[in-house]
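Q: Each residue of the first sequence is one higher than the one before, counting from 3 in my numbering.
Hints listed in this document are in silico derivations from the structure and should not be mistaken for laboratory results. Built from N, CA and C at the ideal position, the CB exists for glycine as well. Hints should not be assumed to be uniformly reliable.
Said to hold, decoys possible - Straight-line C-alpha distance at most 20 Å; calculated SDA-like pairs for lysine to any residue:
hint	residue 1	residue 2
1	439	367
2	40	174
3	363	440
4	202	293
5	313	40
6	397	387
7	340	293
8	253	278
9	340	174
10	313	113
11	397	174
12	440	425
Said to hold, decoys possible - Each pair of labels, with its calculated beta carbon distance range:
hint	residue 1	residue 2	range
13	423	135	53 to 63 Å
14	376	94	48 to 58 Å
15	268	442	35 to 45 Å
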Amino acid sequence: MPKIKKNKAESKSEKKDRKSKELSTVTGMRDILPQDQKYWEAVRATAQKVANDYGYGRLDTPILEQTDVFVRGVGKQTDIVEKEMFSFVDQGGDNLALRPEATASAVRAYIQHGLLNQPQPVKLFYVGPMFRHEKPQAGRYRQLYQFGFEAIGEASPALDAQLILMGWNCLNELGVEATIQINSLGCHTCREEYKKELIKYFKSKGKLLCEGCKSRLARNPLRVLDCKEEGCASLREDAPQILDYLDEDCKKHFMKVVEYLDELDVPYAVNPYVVRGLDYYSRTIFEYWSADDAEGKVALGGGGRYDDLVKIMGGRENTPACGLAMGMDRIVSKMREKEINVPEIYQPEIFLAQLGEVAKKKCFVLYEKMRRAGFSVAQAFYKDSLKAQLESANKAKVKFTLILGQKEIGDGTIMVREMEGGVQEVIDYNKVESEMKKRLEKYSELPAPIIIEADTDANIKAGKKNRKQSELDFAAGESDDEARIIDDLPDLAEDFDHLGGDEF
RNA sequence: GGGUACGUAGCUUAGUUGGCUAGAGCGCGAGGUUGUGGCCCUCGAGGUCGUGGGUUCAAGUCCCAUCGUACCCCCCA
3 MPKIKKNKAE SKSEKKDRKS KELSTVTGMR DILPQDQKYW EAVRATAQKV
53 ANDYGYGRLD TPILEQTDVF VRGVGKQTDI VEKEMFSFVD QGGDNLALRP
103 EATASAVRAY IQHGLLNQPQ PVKLFYVGPM FRHEKPQAGR YRQLYQFGFE
153 AIGEASPALD AQLILMGWNC LNELGVEATI QINSLGCHTC REEYKKELIK
203 YFKSKGKLLC EGCKSRLARN PLRVLDCKEE GCASLREDAP QILDYLDEDC
253 KKHFMKVVEY LDELDVPYAV NPYVVRGLDY YSRTIFEYWS ADDAEGKVAL
303 GGGGRYDDLV KIMGGRENTP ACGLAMGMDR IVSKMREKEI NVPEIYQPEI
353 FLAQLGEVAK KKCFVLYEKM RRAGFSVAQA FYKDSLKAQL ESANKAKVKF
403 TLILGQKEIG DGTIMVREME GGVQEVIDYN KVESEMKKRL EKYSELPAPI
453 IIEADTDANI KAGKKNRKQS ELDFAAGESD DEARIIDDLP DLAEDFDHLG
503 GDEF
């Protein structure tokens, strides 16, 4: 008794002290709570399905790798390796890093396990967290989630086109609208020549460039192309374009990719200003931009060819490859923004309510029995009042509640309450399973009841759609009327003025 | 790394030109008599106002610092 009192009366200073000891997540990292999991699960499931559809096998690589995997794979000069990588020396003196992306790891795995001895291309699929120590912003976290596809060991442009399509399919199936931006960087040779020309051009206009671009011109001339400054943006209109500098093979490759996309009726825009920063990219590169209103363009994902990477990482020469990565954080936030209906991960159909100690014990057993029989059952055995249990049942949105009390035990029966209408019926206890099976089947044939999902405001706004309806909406996420094929290059320039964060 | 804005209960927030025990809605918990949900009613738990200093008789309300968040630069797989 006195002890309880003592606990209750936490003094102010005690409380303050306790509060000060509360821990929280590290900057740029966050928890994903149970009520939000359905979005992530939907993305994962869709990615997995597309992977299956196209024969990509799941690859899980360690989150921790030797720092060199990324230094060599991603490039030492890149910002990501230079200053955004979580890297450290462990107790044993090894240089390790949390993976900032997965392509390098995939290539490492390809080489390490001699996957070149398998039928080519080796098609890999991954999902998981990546880590980048950058300043957090909206949709930009230090622990970010990506899924992606990598196909190693094949040079055909058909592969590029199919990968572009795969990413597109993922977004469509999730109901997230996007535009595809594609470009070709050419191979190393054409790119070097183009760079020279570009530098020559911009140098001749040197005075008109902004300060940032002046320094950028030396480090990464391609980046000048997507500068947002007005002066630079207008300069680029007359700038030489990479597509004019492609050699025969690269040009042919690009034309094929475009041809296949046309054949597939995939809407895309050839955008000469899409430039991916990494050195390892060659030829085809592409990005998916959220097709949004005012907000400007946000890259949801992207990828491209990296024909030289396997060699760079110590693998056999001439191992061409192509891949893409999608940013799950942004996809999920788009889905929530657009109030896209997502299936619940856990939706029990039956609730088991008990009254009295004897019934409680019996329900414990019944619960296990029904669970094993494949029913999805919920309960609240820690509650005693029927009222409280029915409230729980209501919140769990079950279709039926089974009620077992003294009376029923005496009669060898159990009560079935149909939640929607509140109709109750007493049935033979020994026939619970067959009866419930029958009722659930019958129930699913009826027009689904109106269920208001009250867990988020979004759901409330979305209206009182029943589950079947919402599933339809979900499937109908893709809208063909948005499909515009844009393929005239220079006129696009004005559309690209506002380049949102390209990172995903 | 630089800049701007913001920071009140789990969530959304009210809080006048600084002034009594910081209000509300949602959510959560208990109850509205005996075995019954979704509506309603009552009650309750939960904030000392991100944190630390400072100014003042007095600060959620002003100043500084710090942390966090958002946005803009920067950068970008």
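Q: To test your reading of the hints: which numbers does this structure violate?
A: 3, 4, 5 and 11
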